[in-house]
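Protein chains: 2
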Amino acid sequence: MNNVTSSSNPVGNRETILILTPLARFYQEYWDNLLKLSYPHELITLAFMIPKSREGNSATAQLQEQITKTQKSGPEKNRFASIIIERQDFDPPLASQNEGERHKMENQKARRAAMSRARNSLLFTTLGPSTSWVLWLDSDIVETPPDLIQDLAAHDKAIIVPNCFQRYTDKYKQPAERPYDFNSWQDSETAQKLGEQMGPDDILLEGYADMATYRTLMAYMVDEDGDPQQEVPLDGVGGTALLVKAEVHRDGAMFPPFPFYHLIETEGFAKMAKRLGWSATGLPNYRVYHYNE
Amino acid sequence: MNNVTSSSNPVGNRETILILTPLARFYQEYWDNLLKLSYPHELITLAFMIPKSREGNSATAQLQEQITKTQKSGPEKNRFASIIIERQDFDPPLASQNEGERHKMENQKARRAAMSRARNSLLFTTLGPSTSWVLWLDSDIVETPPDLIQDLAAHDKAIIVPNCFQRYTDKYKQPAERPYDFNSWQDSETAQKLGEQMGPDDILLEGYADMATYRTLMAYMVDEDGDPQQEVPLDGVGGTALLVKAEVHRDGAMFPPFPFYHLIETEGFAKMAKRLGWSATGLPNYRVYHYNE
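So the protein lines, in turn, are chains A and B.
Using the working numbering, the first residue of the first sequence is number 825, and each one after it goes up by one.
Using the working numbering, the first residue of the second sequence is number 825, and each one after it goes up by one.
What the hints contain is simulated information worked out from the structure, not anything from laboratory work.
One or more of the hints may lead you astray.
BS3-like mimics (lysine-lysine), calculated; alpha carbons at most 25 Å apart, straight line [stated by the list, open to error]: (1) B:K876 <-> B:K860; (2) A:K1098 <-> B:K860; (3) B:K1098 <-> A:K933; (4) B:K893 <-> A:K1017; (5) A:K876 <-> A:K933; (6) B:K1098 <-> B:K1017; (7) A:K1098 <-> A:K1017; (8) A:K1098 <-> B:K893; (9) A:K901 <-> A:K876; (10) B:K893 <-> B:K860; (11) A:K901 <-> A:K860; (12) A:K860 <-> A:K876.
Listed next, the stretches of chain A that the computed footprint assigns to chain B, with coverage defined by at least 3 CB atoms under 8 Å from CB atoms of chain B [said to hold, decoys possible]: (13) 1010–1021; (14) 1044–1052.
Each residue gets a CB set at the ideal place from its N, CA and C atoms; glycine is no exception.
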């Protein structure tokens, strides 16, 4: 592209970041965390894809209120280069978005196919020739280190993903943390063989007892005193927080809504990127936090 | 997307067209033909991807000269809404671009993989939320009907492709025409079986005697007195001239640089679109013309 870099020193090289968020519900904590990101906001463009539903209308209104506050009357250093809101025409795959139903295995495929289309629409319509990095950040990520972008970019990897956890209160009423995103993994022979025996339209899903893949999940690679810079190679990635060199997407890497090597959405993306010659890296000891529903 | 339509009456609905051209050499006839397109130019954005090579520099200079002439001093009705030029970093796959070498089977895969990346970069960086249609038009297409866009859009198809021919002088020194693009076809059982026997990274190519696919090629479906509006369903498409509803691309359909069901580039695109639920249509009796090298 036109002399655009995506380097380990993005601030020094004035590299532009596109933060992409498919948004169904608005969480104030998500926005507050965005504002705290220490990467120069004038180099950041935010773009949102929001369903054309009643819930989406409400989320749009809440988001726009915060945007006005930040961009018009807030401190100048908080203001982002630009903010784009797109509304999606296609129906949400499920009427309900509550935790129990959303995670049911039989709903996963339809839900993640719809999410793939939302991600693709957002990506294809906002990526520009001068974008250096794309940060995928789900709307329910409510806490990250303020240096998230610099920390991830410093590794100079094509695709890099932190470990997504969730804070909760344990049975002793003590604050605790548990892994949340199980889509970042290293492949296993068992999963490969499961795939070979499947029909062409079947997909492998992670985190279900009746489909034991024996993949090595980044969620369980945490070393409590481990180095947050420790890297592991990954074959599948989750998309709750995911930094991608824009070049990888420009090459054609997208989120397959159809089974691609029996993988869809972000896991299919990692496989597609691999087919394009790009590898994925995980940081098991670098945590970001998902909202506790 | 935000109330954008892509309908059979694009002029009436003021639908915007993005014309995408990967350009290695500049042909004056290509530009002259563009200027003659009767679709309202104020609804057309042109975008070019040009290699960062000496030949690319020369093509860029020639293109920019014509752009200046058209956009600055030409008649207002000729001026396009906007024109984008991007330069690609990656190396051209082959040093030579002459006809003989370019068409050698062993070079096809590398050449078309590089072309896929060029198309994807161009697409991902120029498609917007308000684009209705994408017209892929190769830089060596030197003659089309002036109503090309309206004629193709009138069919209201997700993906539609005219028949690409080449004018030449026959052995009796008479003007004649011959089919040029063999990438628009209907699949065959033979090709399917060939694919099944191939390694995962092998690709099926059309137009080579030592890989007889027995596909039905649109190039040979011409009826000399036939209706130019006659439609045929297609499984593979060529990209010399190709009209796509922007929604198809926004869903994620791109040009696979890797073997996708043993297909790459525009043929892989048709297959990927099919996996996303979109079909391709050909117009065997509607001709556009390729430069005669």
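Here is how each hint holds up against the structure:
no.: 1; hint: B:K876 <-> B:K860; verdict: violated, 29 Å
no.: 2; hint: A:K1098 <-> B:K860; verdict: violated, 43 Å
no.: 3; hint: B:K1098 <-> A:K933; verdict: holds, 18 Å
no.: 4; hint: B:K893 <-> A:K1017; verdict: violated, 61 Å
no.: 5; hint: A:K876 <-> A:K933; verdict: holds, 21 Å
no.: 6; hint: B:K1098 <-> B:K1017; verdict: holds, 19 Å
no.: 7; hint: A:K1098 <-> A:K1017; verdict: holds, 19 Å
no.: 8; hint: A:K1098 <-> B:K893; verdict: violated, 44 Å
no.: 9; hint: A:K901 <-> A:K876; verdict: violated, 32 Å
no.: 10; hint: B:K893 <-> B:K860; verdict: holds, 15 Å
no.: 11; hint: A:K901 <-> A:K860; verdict: holds, 11 Å
no.: 12; hint: A:K860 <-> A:K876; verdict: violated, 29 Å
no.: 13; hint: 1010–1021; verdict: violated (count 0)
no.: 14; hint: 1044–1052; verdict: violated (count 0)
When held up to the earlier numbered hints, the structure conflicts with 1, 2, 4, 8, 9, 12, 13, 14 and fits the remainder.
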